[in-house]
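Residues per chain are reported as follows:
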Amino acid sequence: MAHTDIAAPPQRKLEIVPRKSLPVVAVVVIGLIVAIATNSLWAIGFYHVVGGGMWTAIDLFLGFILGPILGTMSIPSRIELTRRLMPKMVILMPTLVIMTLAGGFQLARHQGFILSSDKHHAWVVASMIIVGALAIVAIGILEPANIAVLFELRKPNPNGERIGRLMKRFLYTAGVTGILQAGILVIMTRIATL
Amino acid sequence: MSAATMTHGASTPERKFPPIAEMSVAVLISMVIGGVFVAAHLPAHVAMAFPTIMISLAAVLLAANVVLLSRIPNFAWNSFYKVARWTLLAEGIVAGLLEYVFIFDGTRGAVLLLMSSTLIIFVLDLSVLFGFSVARFQEE
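From first to last, the protein sequence lines are chains A and B. To convert, note that position 1 of the first sequence is 1 in my numbering; the numbers rise steadily by one, no gaps. Every position in the second sequence, counted from 1, becomes a number in my numbering once 194 is added.
Hints were generated in silico from the structure; no laboratory data involved. Check each hint, because a few of them may be wrong.
Straight-line alpha carbon distances no greater than 25 Å define the calculated SDA-like cross-link-like pairs of lysine to any residue that follow [said to hold, decoys possible]:
hint : chain 1 : residue 1 : chain 2 : residue 2
1    : A       : 88        : B       : 285
2    : A       : 13        : B       : 273
3    : A       : 119       : B       : 234
4    : A       : 88        : B       : 292
5    : A       : 168       : A       : 61
6    : B       : 276       : B       : 261
7    : A       : 155       : B       : 275
I would like the entire structure built from these sequences, with the hints used as guidance.
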């Protein structure tokens, strides 16, 4: 039987923020500013739907699919996945969040949903409350844990127990954001069909 | 990372710190409550008393947090400043974009001042939170 080499690939120094992705983020943000400045309803809607769809899908995937799988993996395996996944999340999620929120607020303004006399207003306010809760969990708990794990992984001898504890916090909060995102799905489909 | 190069850390209990992260989250909660209140009333007239109380509370909590942080002995300040500086830049760009949206939408006067203050506190709070979250596990 032929021998198969399953040794781990050589490790490069962990990059907290993938610099190669920054020009892509710059293009997306400049496009968002142009969309708002030109009052292009299509472009604003595009940013809101694409950003919101990806944000929701990624949160649900992390919270309910990848999270439970990660929870059953050994700590070295979790670390391998974390090294590759988390730097991408550091740059992807804030970009999606700003696309969704800036696009969504402009869309609601153009369509009159933010006027208190509008029939959609209560649903829009409900979505603001859920997004506020999402922001607190994601920015206040999830993201600091993510960044702390990445810095721990850069050490010559990372503390496995600490990484395991921080990852557990990351996975629980990803589950909470997944549940909140399910609420956003209900509200957005309600607004679209009211 | 191989398992052989990882330490398990069971024999070295984590160092205790003041509740910096918890207070930063409290600042975030105050700002979100005030921010949602204002956003829910725009573009109509907004009663300023409640959001002003929330933003003032956030500012006081942030100031108290900075004082608590500055009194920690033997803290990894290099790591703290490194992370805090980059967070300031990244979140500053996000806050700048939101400020642009407020001004573009015609927000002016006291409401703009309140929203701008909220954004400034938001950026400073996240810089403290992210910097502390990393530096607490570093040794210098």
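| field | Numbered hints the structure breaks, given as an ascending list | value | none
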